[in-house]
Amino acid sequence: MARSATTWYYLDTHTYNIDFQNRSRTVLLGVISALIPYLTPAIGIGSILDALLGQGAPGMYVKLNRYYRKGYQFYKYCYHFYYDAAMRYKVAYREEIKRMW
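Heads up: the sequence shown is residues 1 to 101, going by the numbering used here.
Just so you know, the hints here were simulated from the structure itself, not pulled from any lab data. Heads up, some of the hints might be wrong.
[Stated by the list, open to error] Heads up, simulated BS3-like pairs for lysine-lysine below, C-alpha to C-alpha not over 27 Å straight-line: (1) K90 / K70; (2) K98 / K63; (3) K63 / K90.
[As the list claims (entries may be wrong)] If you anchor each label on the Cβ, the simulated ranges turn out as follows: (4) I36 / K63: 37 to 43 Å; (5) T6 / V31: 29 to 35 Å; (6) Y68 / P41: 18 to 24 Å; (7) K63 / A5: 21 to 27 Å; (8) Y10 / K90: 15 to 21 Å; (9) G71 / E96: 53 to 59 Å; (10) I36 / V91: 21 to 27 Å; (11) M100 / V31: 16 to 22 Å.
Idealized CB from N, CA, C, for every residue including glycine.
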């Protein structure tokens with residue numbers, strides 16, 4: 001059984017840095033400051049210190065390649081997940097095809 005060939009045209013590439021460790025702490029500090037208003041200045045200083053101390057925290061680096069088919073009705077998103085900032089050590093790959101209309 002023959003598989004139909006589909007031509008995808010390159011659109012663009014985006015890179016992202018996702019920091020899992022510090023994001024949860026920042027959300028927690030924001031919730032505490034909203035619940036206890038008189039601690040807001042202390043929590044603000046604490047969140048600044050937390051951000052400064054967490055500069056070298058591990059994260060996930062993502063490279064997104066986007067492609068389209070003729071007519072722009074279908075888009076293909078190729079996600080490449082890396083462990084290091086130089087994007088040499090690939091952890092995972094995910095591909096998604098979306099129909100726009």
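- Given the proposed pairing of K98 with K63, does the C-alpha separation stay at or below 27 Å? Holds, at roughly 18 Å.
- Task: Using the beta carbons of G71 and E96, state whether their distance is inside 53 to 59 Å or not.
- Result: Violated - the Cβ-Cβ distance for G71 and E96, about 19 Å, lies outside 53 to 59 Å.
- Distance restraint evaluation - K63, A5, Cβ atoms, bounds 21 to 27 Å: With a Cβ separation near 25 Å, K63 and A5 satisfy 21 to 27 Å, so the hint holds.
- Message: For the hint 15 to 21 Å, verify it against the beta carbon of Y10 and that of K90.
- Response: 20 Å, holds
- Could one say that the CB atoms of Y68 and P41 fall in the range 18 to 24 Å? Violated: the Cβ-Cβ distance is about 50 Å, outside 18 to 24 Å.
- Query: Within 27 Å, alpha carbon to alpha carbon, are K63 and K90?
  - Reply: 10 Å, holds
- Has the given pair, K90 with K70, been kept, meaning a C-alpha gap of at most 27 Å? Cα-Cα ~30 Å, so violated.
- Task: Confirm or reject the claim that T6 and V31 have a C-beta distance inside 29 to 35 Å.
- Result: Taking Cβ atoms as reference, T6 and V31 lie about 46 Å apart, which means the hint is violated.
- Okay, M100 versus V31 on CB: inside 16 to 22 Å? The hinted range 16 to 22 Å is violated for M100 and V31, with Cβ atoms some 37 Å apart.
- For the pair I36 and K63, does the Cβ-Cβ distance stay inside 37 to 43 Å? With Cβ atoms ~41 Å apart, the hint holds.
- Item | Hint check for V91 and I36 - Cβ pair distance inside 21 to 27 Å | Violated, at about 39 Å.
In summary, the numbered hints that this structure violates are 1, 5, 6, 9, 10 and 11.
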